[in-house]
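> Read top to bottom, the protein sequences are chains D, B, A and U.
According to full-length UniProt numbering, the first sequence is numbered sequentially starting from 1.
According to full-length UniProt numbering, the second sequence is numbered sequentially starting from 1.
According to full-length UniProt numbering, the third sequence is numbered sequentially starting from 1.
According to full-length UniProt numbering, the fourth sequence is numbered sequentially starting from 1.
Hint data in this document are derived by calculation from the structure and do not stem from the laboratory.
Among the clues, some could well be false.
Distance condition first, Cα-Cα at most 25 Å in a straight line; then the derived DSS-like pairs of lysine-lysine [stated by the list, open to error]:
1. 70(A) to 70(D)
2. 74(D) to 70(A)
3. 419(U) to 350(U)
4. 152(A) to 152(U)
5. 131(D) to 154(B)
There are 4 protein chains.
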Amino acid sequence: MSVEFDNNDHFNDECGVFGVFDHAEAANLTYLGLYAQQHRGQESAGIVCTDGHSFHTHRGMGLVADIFQKSEIKELSGRHGIGHVRYSTSGDSGLRNCQPFSFEYAHGGIAMCHNGNIVNAHELRRELESKGSIFQSTSDTEVLIHLVARSKAKSMKERLAEAVNRLAGGFSLLVLGEKRLVGMRDRNGIRPLVLGQLDGSWVLASETCAFDLIGAKYVRDVEPGEMVIIDENGLESLHPLENCEPKFCVFEYVYFARPDSTLEGVNVYQSRYQIGVELAKESPADADLVIPVPDSGVPPAMGFAEASGIPFQMGLIRNHYVGRTFIEPKQSIRNFGVKLKLNPNRSLIKGKRVVLVDDSIVRGTTSRKIVEMVRAAGAAEIHMRISSPPTKHSCFYGVDTPDAAELMANKMDLEEMRKAIGADSLAFVSFDGMYKAVGKPRDVHCDACFSGNYPVAIDGPRSPQLSLLKILNKKQ
Amino acid sequence: MSVEFDNNDHFNDECGVFGVFDHAEAANLTYLGLYAQQHRGQESAGIVCTDGHSFHTHRGMGLVADIFQKSEIKELSGRHGIGHVRYSTSGDSGLRNCQPFSFEYAHGGIAMCHNGNIVNAHELRRELESKGSIFQSTSDTEVLIHLVARSKAKSMKERLAEAVNRLAGGFSLLVLGEKRLVGMRDRNGIRPLVLGQLDGSWVLASETCAFDLIGAKYVRDVEPGEMVIIDENGLESLHPLENCEPKFCVFEYVYFARPDSTLEGVNVYQSRYQIGVELAKESPADADLVIPVPDSGVPPAMGFAEASGIPFQMGLIRNHYVGRTFIEPKQSIRNFGVKLKLNPNRSLIKGKRVVLVDDSIVRGTTSRKIVEMVRAAGAAEIHMRISSPPTKHSCFYGVDTPDAAELMANKMDLEEMRKAIGADSLAFVSFDGMYKAVGKPRDVHCDACFSGNYPVAIDGPRSPQLSLLKILNKKQ
Amino acid sequence: MSVEFDNNDHFNDECGVFGVFDHAEAANLTYLGLYAQQHRGQESAGIVCTDGHSFHTHRGMGLVADIFQKSEIKELSGRHGIGHVRYSTSGDSGLRNCQPFSFEYAHGGIAMCHNGNIVNAHELRRELESKGSIFQSTSDTEVLIHLVARSKAKSMKERLAEAVNRLAGGFSLLVLGEKRLVGMRDRNGIRPLVLGQLDGSWVLASETCAFDLIGAKYVRDVEPGEMVIIDENGLESLHPLENCEPKFCVFEYVYFARPDSTLEGVNVYQSRYQIGVELAKESPADADLVIPVPDSGVPPAMGFAEASGIPFQMGLIRNHYVGRTFIEPKQSIRNFGVKLKLNPNRSLIKGKRVVLVDDSIVRGTTSRKIVEMVRAAGAAEIHMRISSPPTKHSCFYGVDTPDAAELMANKMDLEEMRKAIGADSLAFVSFDGMYKAVGKPRDVHCDACFSGNYPVAIDGPRSPQLSLLKILNKKQ
Amino acid sequence: MSVEFDNNDHFNDECGVFGVFDHAEAANLTYLGLYAQQHRGQESAGIVCTDGHSFHTHRGMGLVADIFQKSEIKELSGRHGIGHVRYSTSGDSGLRNCQPFSFEYAHGGIAMCHNGNIVNAHELRRELESKGSIFQSTSDTEVLIHLVARSKAKSMKERLAEAVNRLAGGFSLLVLGEKRLVGMRDRNGIRPLVLGQLDGSWVLASETCAFDLIGAKYVRDVEPGEMVIIDENGLESLHPLENCEPKFCVFEYVYFARPDSTLEGVNVYQSRYQIGVELAKESPADADLVIPVPDSGVPPAMGFAEASGIPFQMGLIRNHYVGRTFIEPKQSIRNFGVKLKLNPNRSLIKGKRVVLVDDSIVRGTTSRKIVEMVRAAGAAEIHMRISSPPTKHSCFYGVDTPDAAELMANKMDLEEMRKAIGADSLAFVSFDGMYKAVGKPRDVHCDACFSGNYPVAIDGPRSPQLSLLKILNKKQ
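Chain D with its partners taken away, still in its complex shape:
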């Protein structure tokens, strides 16, 4: 899925994190680490640095390059830093919920940020409130902070271990103390977290593309349930969580991650390309051209073209200057929303039988518009091929999918979907095909959004629905 401007039909990006310990350019590197991971969250960004005594913070709404200017970076002094880019998945948006959070408690200053979602945040919050905790944001992170602050344990690692043992969900977490940087993944390792080195200093990021930009060397992925503690004595690895079982989010490969990243040993670009190859084998089409919906449809379309022998062409041109455009002309232009971002190259398409490759179908509205637009450009036939299985379920671990009730694949069978989007044929890659392309077994992945098999139980209200204002209605 690639048309992020259409609010009716897309996955919002989740979050990205970056951390560095003991480097002369901590703020600069954190800035660049976020810049390289901007695709993981365009709503807000923040950096906290510490010089071992004080904490310096800057957070703002918008893109990394707009929020941080020279003066802001300069004030973020210190050799240790963490940063965060965010697309709201839990908590309402607004500066109040921007991460990292920094706070002071009995043991000094501390800052935290995370990528993912804590599914029992709501019940933990109620429990903490009953003990006298107050909440100033609606972010999951604030729950974790209170758990740490209320721990009676002696060392930060014990306090953190005690706190994260209470959490359920999918999350990768960075914690910055005056003298240490901690990285941690949930017991299933649902969200990514990678470890690297630069000039002898340790760095942590959601994706390896952050390391590439700053010239850091990738060392390894942090393991599911692992806590890495980096301080002046080097890196210590702990495993405070029990029942760890790898369940990495397969949708990172299909859509989320940057294609040049390598996560859990799998290159994202190549997994996408191979899905295209499998898709061509599973669901061939008699056609003249293979055309991707840019950008995440490009690698699978190339794979499909190679496997099928049908020529690959960039038949949909992406406008690279898509901004926050409010304007919708009164005399409605057909498929206006999609046209702002994509334009079919009529002279390529006209009269051709086209295989159109996209990464997913969510609500189906965008797919319908794209098919309609390509047909209006003269396509003789349109064979839609999707590089993931049908999206039938919501994600509760950090990907902002719509309610299941709004998902097209949850409401229709394949033939109904085909009709609804107006394609001549429609096919999704199979689970087998997808995992064959990824090159790793299905049972070490979470594919709940496709299969409904949730590795972490979801009780009570879904956390993202909560917000301070709404909660207030129910109380006292």
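With chain D fixed as given, assemble chains B, A and U onto it according to the hints.
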């Protein structure tokens, strides 16, 4: 003291509060209540309104009229509201410390703001942290919030009573719950808080000038140690604090409050005017003209002129468009800083013996510049008269005075001060003269900044000095 | 008239200019010269500096201190500069019309700005357009620029002389070439222009208060019809205009100029004070208090008090933080607009017979509100005294008065006006009283706004009414 | 060439125009027409609309979507409009030079904008100045405006014809009067201009992609030297210029235009793809992968892959969130500038022999960095293929190329270039290959930047070098 642009020599203003319960235009009235009290704090402002369920907040750095536009006011829906203007006296500045604070706890949503200073905030904070509380700001208010949240009492008024019983200092407090507005003064009533009515609704403010603008009727001052609880059943008055003893800040009369306000039954303008009368009796001068340092020097100068029979003239003209001017020409212009705000009218002053009336001398730098400037304009003699006693001590109850070590009157005797500022004579009003002018006994006032008699004991580090960053240095 | 926030009843300020030749801090001094003259125009400001080769410009909407930051001043390099503050009197507002204008023509670069109004600008513009000139603004200044550019004369002073000979109206003009600064007043010297010296360099300004701030020495007023040309050889004075006859704007004394300025040898503050003295003699009142409408009512109120022996008190307190407030509560507060700026001190006024002194009555709406407000504060009687004659006519020489049809004094006799504003008595100073106070004969002044005696004939449409958009309607 | 953030090595984009006559949504459509053509200029944008009487303008620095918000569009009322996006090629940058220009002259209001460069602007300007014209910008457009205004001809079309007959260079021009819209191309048709229809209204644009977004139907390209006049009577076509000879800019196909546009009957994407095919035939390479430098290298790389049979892969991943990043870490990261935008996918490239396809080599710095980066990612061999002939000469018709002296191909032969960029082999497409791919004869194109054959003579100083400030140095 009237030259607020000179950071080397002035009292910063403290804070102002406003609250309204059950009025269709709660946000508008709160806005106007703050607007009228802008002189009490120009650094930041905030408003929280509630519709009985949700809380709506807007806070910002700067002036009330710049922070709140139509759209912001419109979103502050609800019939109850509180607001705050602030000049940092405790906690470092920045949006994070802007009041009111709103938060959620076991009993629902709540918002708070206060004017003044809690002198035992630091030790309370340490105690709360040891119990697992976390702090995201450096404001005293956050301490109070935690005390309330940790109270096991059943009703909000009991929780508040329990919490404020822990506090020492000078403060006037507004608390907004979903269904009630609470106003409270410290046991000495050091800072002002007045109660009024508009269209049958109750309003609270720091000064009566806020009531004048919105057309509200002044009812009475909230009493020292009194808690007024306003809800759908009307106003209830409680006295949860013991050992209440009135000690109203006399400096509100001399400098802080707007001259058109009436506090504790005393009209501010008239008390200033009468101080001038007393000053003329106590320390007459053989002169041709009485000239005020505008604006707070105007009423005492008029009183001095009346009592002495010497003509009153506006010999110093104030530039009403003084903004944040950074420019200091390289070839230094003599007394440039003062000249940006005040210009002597040479044709009035030339050759005249002048009585110059100002409200106070803090560090003495501005006074020296003004004397120098008036002399350069041709004054034959300059007799400086000050409408308050010498400022020898710091305030710990909400007025941001410099450290005592920087106060001119703490370091010099009268003759040394006269020489230092370059006047031909110098006199301060006496304590007797000041209280005679005010028309009320000395023992119901706090005049610690002049006398050193602190009604509330100051132990440990002075609270205003604390900030998150500095505290961190001392920990772990 | 002093309540400038009320768009229904006020004179807008006109413009102010400043120029300096051959000083190391040209941009800084020009900035300060504008800052001191901010009262003459708060809508926009601009500075042009030249280093003898290039011209550097910065202009913006708003206040001087907001438009110019360190970086802007730094880029205004060069030893010569001119600047302008403006309240639109001719041409619509907007950046396009901000002065100074800089342009390039056959003889190099040049920049210009002026204070005042050219009454034949419209017909000159039509003439120039018929010869092929194009116009990008609606400012009078652009007309002058074209006249200069089309002159065949050899020297800049001849070209300027030729051009200004075509102009009718009241204007003070600054022109900056690469190597010279020119100052010029219209043949009647309606608008002010003063000449001074600082560190051996010449400076020009609308008012002497600009010289006071920068420490420059006042030398003399530029004469009516005089052109002063300042270059590396010093100052040369020319008189290129014939039929010069002094007609200085008397309203500068009554309201426009800053009280600490001295114009045409008359100190503004003292002329205002003396008007109060004359007013008390001409139209005494049996009263308890004299209260000014601040700020321009203060000096005449003091003069009135002195002459009458009635005590002077600041019974109306001005809010110094008046900003652009949009908010008008729905449940209308009586006299809300005036209350935002002025608050009566009830405890002073209650039960008293009051003389209220203001500078003028324009439409009468504000005066009515003030009277009403003072009466609501408990005044037993209100005797309104005005420190200028009745304003019956529009100004066409740079003061933005309403159309004559809207002026209260044009529509009513004295008794009708008294009733309309609700005062117990009403009196204006006489022409004789006013000129006696000013200390100079009537025939060297323009008092057209009071008398209708226009020194420069007004033919055709009144220039301020023209704007690019409106003109376009009438063409082709 | 595709790395636009590197100021040392790129072509700046030129400009784009859009116009619409007699449509209810003129401002909206113009906004969208500019939005679709944002790639032609990211420095500033402007729109002028007219309702047949008044002209409404909004211009600003930055991107279309940032400059125009709802409120700005709403104020651009009227049924006719023109708009412009700009990357400065002539005149210094700054709001003053933003197009369209609107002005008033003897025949009413008028607005103009153009894409391209007028090579004799400097001498025309001197001539106009000598006749009394003044200049407020440094834009070529202002020269044209004066020529029109000074024409004695009776009708606008005659005045325009007279004026454009004086101009030399490459330009496409839009002129908006109260009652008509005029589009015009230079006598060689160097810059594009296309004509379309929407809902019965005429539209004009630089590229057809603007029509696609708004749903307009492409009608035809405006012809070289043709003037189309659109008014209430429909479209009239004139040919006021003599000696017309088509010389369309071939670089529009190679790099400038959006690939989905069709210009002069040639689809841009397909011409690029075919160049890749020709390149593979002319300069094959023994390699494992064909990798494009995105984005303009993508189509020729695909063509090269098809013709050579070597697999095509996206080995360089583009960061889509590239903003104005100021940060350059102190410890310099190798090839940092290029890495901000492009990241090699190491797992694809490692050990492979790579054909790298880019659109051009200008200064060579970026090419060197890309080659270095790809080699660092493990490429065994790098064969660089360029989809245009060597760039040896500057463009004077609207493309901001560096001075010829800075062009790598002007200083080195092929082998020297290969060594300098560090490739194992280097080849450019031939002129024959390029035109074969385009599918039209060479003699109807301008390829001066490759060949030095300038269709319009360049005398005197190169216009883009002129600016107001610099010119001033030479005068008086």
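> Taking 25 Å as the top limit, are the C-alpha atoms of residue 74(D) and residue 70(A) close enough?
Holds: residue 74(D) and residue 70(A) sit about 19 Å apart, inside 25 Å.
> Just to be careful, I want the Cα atoms of residue 70(A) and residue 70(D) compared with a cutoff of 25 Å; is the pair within it?
holds (17 Å)
> Holds or violated: residue 419(U) with residue 350(U), Cα cutoff 25 Å?
holds (22 Å)
> Is it true that the CA of residue 152(A) sits at most 25 Å from the CA of residue 152(U)?
Judged against 25 Å, a Cα distance of about 21 Å means the pair holds.
> Has the given pair, residue 131(D) with residue 154(B), been kept, meaning a C-alpha gap of at most 25 Å?
holds (14 Å)
In the structure shown, no violation is registered for any of the earlier numbered hints.
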